[in-house]
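Asks: Same order as they appear, the protein sequences are chains A and B. In terms of the numbering used here, the first sequence opens at residue 1 and continues consecutively. In terms of the numbering used here, the second sequence opens at residue 1 and continues consecutively.
Where hints are given, some of them may not hold.
Claimed, not checked - Below, computed lysine-lysine pairings styled on DSS-like, alpha-carbon distance capped at 27 Å:
1. K57(A) <-> K110(A)
2. K71(A) <-> K57(A)
3. K114(A) <-> K71(A)
4. K110(A) <-> K11(B)
5. K17(A) <-> K110(A)
6. K114(A) <-> K17(A)
7. K11(B) <-> K107(A)
8. K57(B) <-> K11(B)
9. K57(B) <-> K107(A)
Just so you know, these hints were derived from the structure itself, not from any lab.
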Amino acid sequence: KNQVEQSPQSLIILEGKNCTLQCNYTVSPFSNLRWYKQDTGRGPVSLTIMTFSENTKSNGRYTATLDADTKQSSLHITASQLSDSASYICVPKGVGGGSQGNLIFGKGTKLSVKP
Amino acid sequence: GAGVSQSPSNKVTEKGKDVELRCDPISGHTALYWYRQSLGQGLEFLIYFQGNSAPDKSGLPSDRFSAERTGGSVSTLTIQRTQQEDSAVYLCASSAHSGSSYNEQFFGPGTRLTVL
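Please take these sequences and the hints and turn them into a complete structure.
Replies: Okay, structure coming up:
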């Protein structure tokens with residue numbers, strides 16, 4: 001069964017600090033993986049997408065890594081800001097699988113950045 | 001040029017009543033998805049529309065749930081005889097088309113449904 005697990009479940013850091021969020025998945029065969037940011041009361045917004053051949057991709061202060069062999073991904077946030085407070089959702093996608101293409105949403109990591 | 005919009009933003013209803021949730025996708029997007037997000041849980045797929053094709057209803061949890069998409073644009077999710085376990089945030093998303101595995105889904109702000 002395709003699954004995705006994210007850790008930690010929640011995290012509190014001080015403004016300006018760095019943090020890394022983890023995602024382990026079992027989707028196979030693998031197509032790509034997205035990280036979404038979901039602010040409270042809002043819908044998720046895509047931060048980055050990584051394909052099988054990509055190891056690292058950056059989007060501003062966000063850097064995602066992917067190890068397709070171990071089926072692990074991480075999202076590193078540098079110099080955190082108060083506006084980074086949100087839930088971060090890992091979404092691996094399988095090949096085929098109909099309209100949803102084995103799109104599996106993780107439960108997310110809830111990040112709180114404190115001043 | 002607005003994004004995906006949903007209405008109402010909040011809905012409180014009594015157990016046993018019917019509710020309708022509306023989604024206006026991004027203009028020109030042919031694919032439309034409905035998800036349910038319960039507290040502390042990941043997004044749960046409900047139903048998917050692509051153009052004029054028959055919708056994928058494989059995620060609907062019971063026959064109390066139904067959805068339609070009129071004219072390939074606006075969609076309505078209907079929940080009949082609501083139960084307390086239906087309380088959740090219902091999210092709608094649209095994408096340009098589902099032919100590519102890399103198409104990004106753009107989400108609306110959701111409708112928070114509370115069944116008393």
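Asks: Straight-line Cα separation of K11(B) and K107(A) no greater than 27 Å?
Replies: holds, 24 Å
Asks: Under the criterion that the straight-line Cα-Cα distance not exceed 27 Å, is the pair K114(A), K17(A) satisfied?
Replies: holds, 10 Å
Asks: Quick one, are K17(A) and K110(A) close enough, alpha carbons at most 27 Å?
Replies: holds, 16 Å
Asks: Under the criterion that the straight-line Cα-Cα distance not exceed 27 Å, is the pair K110(A), K11(B) satisfied?
Replies: holds, 25 Å
Asks: K71(A) and K57(A) were given as a pair; does the straight-line alpha-carbon distance stay at or below 27 Å?
Replies: holds, 16 Å
Asks: Checking one constraint from the list: CA of K57(B) to CA of K11(B), max 27 Å. Satisfied?
Replies: Holds. K57(B) to K11(B) sits at ~23 Å (cutoff 27 Å).
Asks: Taking 27 Å as the top limit, are the C-alpha atoms of K57(A) and K110(A) close enough?
Replies: holds, 22 Å
Asks: Below or equal to 27 Å on CA atoms is what counts here, so check K57(B) against K107(A).
Replies: holds, 22 Å
Asks: K114(A) and K71(A): Cα distance at most 27 Å?
Replies: Distance ~31 Å between K114(A) and K71(A) Cα, so the pair is violated.
In this structure, the one hint that does not hold is number 3.
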